[in-house]
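Student: If you want the building blocks of each chain, they are given just below.
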Amino acid sequence: AQSVSQHNHHVILSEAASLELGCNYSYGGTVNLFWYVQYPGQHLQLLLKYFSGDPLVKGIKGFEAEFIKSKFSFNLRKPSVQWSDTAEYFCAVRPGNAGNMLTFGGGTRLMVKP
Amino acid sequence: GAVVSQHPSRVICKSGTSVKIECRSLDFQATTMFWYRQFPKQSLMLMATSNEGSKATYEQGVEKDKFLINHASLTLSTLTVTSAHPEDSSFYICSARDRGRDPTDTQYFGPGTRLTVL
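Same order as they appear, the protein sequences are chains G and C.
Residues 178 to 291 in our numbering are what the first sequence spells out, letter by letter.
Residues 1042 to 1159 in our numbering are what the second sequence spells out, letter by letter.
Take the hints with a grain of salt, since some may be wrong.
As the list claims (entries may be wrong) - With a straight-line cut-off of 16 angstroms between C-alpha atoms, the simulated EDC-like cross-links for lysine to aspartate or glutamate are:
(1) C:K1061 with C:D1106
(2) G:K226 with C:D1106
(3) C:K1082 with G:E265
(4) G:K238 with G:E265
To be verified - For each label pair, taking beta carbons as the anchor points, the in silico distance ranges come out as:
(5) C:H1048 with G:Y216: 26 to 32 angstroms
(6) C:F1080 with G:V188: 16 to 22 angstroms
(7) C:R1051 with G:S182: 30 to 36 angstroms
(8) G:M288 with C:S1046: 26 to 32 angstroms
(9) G:H186 with C:F1132: 15 to 21 angstroms
(10) C:S1059 with G:S257: 46 to 52 angstroms
(11) C:R1155 with G:Q259: 44 to 50 angstroms
(12) C:D1106 with G:G239: 45 to 51 angstroms
(13) G:K235 with C:E1063: 49 to 55 angstroms
By construction, these hints were calculated from the structure, which means they are not laboratory data.
Where a beta carbon is used, it is the ideal one built from N, C-alpha and C, also for glycine.
Only chain G is shown next, with the shape it has when bound in the complex (with noise of 0.2 angstroms):
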């Protein structure tokens, strides 16, 4: 069964400073891939998505996530944080051949100081 993991469980930084969570998933084949955000006390919002094409994936709120087929990846980053990304990261895969079914990653909590 595939496996998704996010290696950084809590992240703590300070505003202004550039944010890079990790996301590993474990499948061969074709995969798409999301990133979710879960603000305190709101549901999951889909912050950007892998399809295809462009590896480089721009989603809301200046994230990006590059898809590094090779290493099995899909990291999320941001350039400069703001104290609104406080926030619980999702990593989740779904193979291509797995109808709609998502395999998410533990999450990452992230708190940016002000």
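Fit chain C to the supplied structure of chain G, relying on the hints for placement.
Tutor: Below, chain C alone, put in the same frame as chain G:
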């Protein structure tokens, strides 16, 4: 667009009772909805896939007689936790996909329902 709602947002019940949670797609038709469970400080675990007009598909280890899923219309799926016990206490989240509008089949998530069984 692509708004998914859940009701109730929070429920507390006694052990042995049944609890029904509703998931609605508000501005689109969802042929498929998904039910997840999220334990504290853990990720989402898919419980079942609910297809309109047919039986739900349960993930391994999920008791289908305990977690009854009904997807009677294109905008509503319900999850009933039968004979709830304290170990069923969790955060239940549904999602839906809007295949008609979004060919990428992105899932849109509801706000979740926190179930506490005393």
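Student: It remains to establish, for every hint, whether it holds in the given structure.
Tutor: Status of the hints after comparison with the structure:
Under the criterion of a C-alpha separation no larger than 16 angstroms, the hint pairing K1061 of chain C with D1106 of chain C is consistent with the structure, at around 14 angstroms. About 35 angstroms separates the Cα atoms of K226 of chain G and D1106 of chain C, which puts this hinted pair outside 16 angstroms; it is violated. Distance restraint check for K1082 of chain C and E265 of chain G: the Cα-Cα separation of roughly 10 angstroms lies within the 16 angstroms cut-off, and the hinted pair is therefore satisfied. For the hint linking K238 of chain G to E265 of chain G, the alpha-carbon distance of about 15 angstroms falls within 16 angstroms, and the restraint holds.
Taken as a hint, the range 26 to 32 angstroms is violated for the pair H1048 of chain C and Y216 of chain G, whose Cβ atoms sit roughly 21 angstroms apart. The supplied range of 16 to 22 angstroms is met by F1080 of chain C and V188 of chain G, whose beta-carbon atoms lie about 21 angstroms from each other. The hinted range of 30 to 36 angstroms is satisfied by R1051 of chain C and S182 of chain G, whose Cβ atoms lie roughly 31 angstroms apart. A beta carbon spacing of about 29 angstroms between M288 of chain G and S1046 of chain C agrees with the range 26 to 32 angstroms that was offered as a hint.
With their beta carbons about 18 angstroms apart, H186 of chain G and F1132 of chain C fall inside the hinted range of 15 to 21 angstroms. Between S1059 of chain C and S257 of chain G the C-beta distance comes to about 49 angstroms, which sits within the given range of 46 to 52 angstroms. For the hinted restraint 44 to 50 angstroms between R1155 of chain C and Q259 of chain G, the CB-CB distance of approximately 28 angstroms leaves it violated. In this structure the supplied range 45 to 51 angstroms holds for D1106 of chain C paired with G239 of chain G, their Cβ-Cβ distance being about 47 angstroms.
At roughly 35 angstroms, the beta-carbon separation of K235 of chain G and E1063 of chain C lies outside the given 49 to 55 angstroms, and the hint is violated.
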